[in-house]
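Here the structure of chain A is known, so what remains is to put chains B, C and D in place on it, guided by the hints.
Chains as they are written, first to last, in my numbering: chain A, 1 to 221; chain B, 1001 to 1221; chain C, 2001 to 2222; chain D, 3001 to 3222.
A couple of the hints might just be wrong.
Claimed, not checked - Quick list of in silico lysine-lysine cross-link-like pairs, DSS-like style, CA-CA up to 30 angstroms:
no., chain 1, residue 1, chain 2, residue 2
1, C, 2153, C, 2134
2, C, 2199, C, 2004
3, D, 3016, D, 3163
4, A, 70, D, 3069
5, D, 3069, A, 74
6, C, 2153, B, 1135
7, D, 3163, B, 1006
8, A, 74, A, 133
9, D, 3199, D, 3163
10, A, 135, D, 3118
11, A, 133, B, 1135
12, C, 2134, B, 1135
13, D, 3153, D, 3181
14, B, 1135, C, 2181
15, D, 3069, D, 3134
16, C, 2118, B, 1070
By construction, these hints were calculated from the structure, which means they are not laboratory data. As the structure is a prediction and not an experimental result, all values here were calculated from the model.
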Amino acid sequence: MSQTSKQISYAALRPRLRDGMSILFGGFLGVGTPEGIVGEILDSGVRDLTIIGNDTGTPEVGIGVLVANKRVRKVISSHIGTNAETGRQMIAGELDVELGPQGTLAERIRCGGSGLGGVLTPTGVGTIVEEGKTKLNFDGIDYLVERPIRADMAILKAHCADGKGNLVYQRAARNFNPIMALAADFVVAETDAIVPTGDIDPDLVMTPGVLVHALILAGEQ
Amino acid sequence: MSQTSKQISYAALRPRLRDGMSILFGGFLGVGTPEGIVGEILDSGVRDLTIIGNDTGTPEVGIGVLVANKRVRKVISSHIGTNAETGRQMIAGELDVELGPQGTLAERIRCGGSGLGGVLTPTGVGTIVEEGKTKLNFDGIDYLVERPIRADMAILKAHCADGKGNLVYQRAARNFNPIMALAADFVVAETDAIVPTGDIDPDLVMTPGVLVHALILAGEQ
Amino acid sequence: MDAKNLIAFRVAQEMKDGDVVNLGIGLPTLVPDYLPEDVHITLQSENGFLGLGPLNGKTLPNLVNAGGKPCGMVPGTAFFDSAMSFCIIRGGHVDVTVLGGLQVDQEGNLANWMVPGKMVPGMGGAMDLVTGAKNVIVAMEHATKEGGAKILKRCTLPLTAAKKVSAIITELGVFRFIDGKLVLTEIAPGVTLDEIRAKTEAEFVVSPECCEMETPREAQPV
Amino acid sequence: MDAKNLIAFRVAQEMKDGDVVNLGIGLPTLVPDYLPEDVHITLQSENGFLGLGPLNGKTLPNLVNAGGKPCGMVPGTAFFDSAMSFCIIRGGHVDVTVLGGLQVDQEGNLANWMVPGKMVPGMGGAMDLVTGAKNVIVAMEHATKEGGAKILKRCTLPLTAAKKVSAIITELGVFRFIDGKLVLTEIAPGVTLDEIRAKTEAEFVVSPECCEMETPREAQPV
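Just chain A, same shape as in the assembly:
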């Protein structure tokens, strides 16, 4: 039984998983990645996923297990160096990898979640990152127009949640999670604890519950 209307089991995620879907995943080298949800996605057997996040962890940690198990068709990320399998599949032509600057990735996701059509950033000007992008010059400075990213689902890792889905993250596990909460059609957070609504000081909420569609208590089957 759910303790709250938003709490679901890992298994309840299954009907929402399908081949070819796009998934925003929180985390930085696995810290802040919902390992249980990743495991559920792996067990579900879905494939041809597009995964979007800072990095691809390692073959054993974070989102990396989906890459290692060949469930991924495309990666949008800033760094894949810690997961040799990502690089190997990329070079073998089995995996499409789109690399971009980390700050640009963050802004693109934020734009996708906030109705903005893009941002103008100086990052990447004069590098291969500018290939194929609209460039604008204001006051003598070149900027790249970087466009929004959204996904079908966002999978987040929180430290604590309340019944309404308000989220609090812990230390460096926050990273991409709060902006991803804005940018997907379905947002699910794996959380270490669920407390009664009202127990989180409203000033300390890091992701408002209205952005979160479902909560899974970490480790609870």
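Only chains B, C and D this time, still in chain A's reference frame:
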């Protein structure tokens, strides 16, 4: 004596105030505006200010007293309706008022503080807000390019600070304060309390201290 | 029951359980009083929070609504900064925004923020709300105090946003924009189609399913 | 003392009290060990915090550096999300970023993120750091393991950012970009200008004030 290296007195702000300077001010109808700092600016006698913030409060509350006392040459804001004096001076040609959508104002300030050259927003398309602005179309949707705003100084109101300048805001007094902390050459926060460094949980800091140049304990002369 | 409360009641019936709603100042703030018992909504306040509640007598420091007035908050409220507030608004995370209108036209354009030559208060958050909310409901009295039409062929006042209005609810009836067309879907009890036509400049279609507008029981004609 | 530590020592002397600093992985992480006693810096970690400190034995959950390794934090640390982390980086709120380099050229271009045909790890936060930090210090051994030049007329590898490098510090000397020109300002003890010329492809000016590069006491030639 300062309790910390960043704590200063209201009077110590004087050398940084000068005619014609631009000031970002936190607050929404006065809530989250540092009234003591506004008073100090008034007492300093500086004039021809450009003030940038959500609204101009009332003639007695918030930034409004600077307008009522004719210290302001230009206002960049989303709403001036609560301060009849702002409207009166604007119609009389004594005051230059640039009105823009509130969400656009927030993004422009955030851009100014984060090295971005602007954002693409759908807000204002098809209205007089688009006059004079670059318009881009992506995937059939028109966006306005809204450009960054920065100022010489940002004046913030915090609930609590530590010795390093880390800030915590209270309830609806947060509003524009955190983004303004990014977007000025000199950032000063008036705070209800200063606690020893280490007393604010690092997860709960809302504005990192490195962005804050000076702290003033509210009401302390 | 006066026109304002009649309108607020009808707007309240548009809300679905779980909706995130932003209410403009004035008439729209009456909407929560008329919500069906099984409908719970979360109110967004553009000054930076989700969870706006009635004041209930006790004021808390720095707890004010977007009109600067002391307010309350419900359990599970979340505060955030203005950038995040408008990420939520512009990003489509607000299900319904209810605003007053000076003029609405048959294209779905809304004008509600300025009258040239008069004091200009500014658009505040209205342009972002009308641009970003999933449903934009204009809640207003059908005609001006002088009896002039406010639902027009084409707005003459500066727009708040172009082609974004979902529905217009007045004391005389309900209009919806369906496939780009303005459609009259409900007529208030005791009001005739002729009266609506007389007070509406815009061209509109009368829905084949056009029915009587729901009003509070005590206001039903006996 | 090996070349890496010599370089880290010299980089540390560039820091001013109060600086906000981001250190790349590898050599740059040695810099804090060599800070003068009266210089206190705040370390920014692009995974979302300011206040990175040494591990000091005790690991805390979810407290890792940008290399994913457990780390410590100092009193007054602040955590934030990745968007804010890069607002701070891109917005010029980081005083100094110290990174390794594969190639730097006399235009101030840096290449340090990929070698075509080899495994591409990705740029991570490097492009934003080099674009946004007030001072960009490239800390690297002067030549490749094979003895080839890394300070070139023009980078041949894909750039990390164009014309952003402030200084290059190697075990042989210190170069600064002054008015768009590459200027040699310090030469390490026991190193000759000819040796530097031989190992540097770029055209550079020798500063009239060119002096001996500071090295740790124990490493000074007697």
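The hints, checked one at a time:
no.	hint	result
1	C:2153 - C:2134	24 angstroms, holds
2	C:2199 - C:2004	17 angstroms, holds
3	D:3016 - D:3163	23 angstroms, holds
4	A:70 - D:3069	27 angstroms, holds
5	D:3069 - A:74	27 angstroms, holds
6	C:2153 - B:1135	27 angstroms, holds
7	D:3163 - B:1006	34 angstroms, violated
8	A:74 - A:133	20 angstroms, holds
9	D:3199 - D:3163	22 angstroms, holds
10	A:135 - D:3118	29 angstroms, holds
11	A:133 - B:1135	16 angstroms, holds
12	C:2134 - B:1135	23 angstroms, holds
13	D:3153 - D:3181	12 angstroms, holds
14	B:1135 - C:2181	27 angstroms, holds
15	D:3069 - D:3134	27 angstroms, holds
16	C:2118 - B:1070	22 angstroms, holds
Violated hint: 7 only; the structure is consistent with all others.
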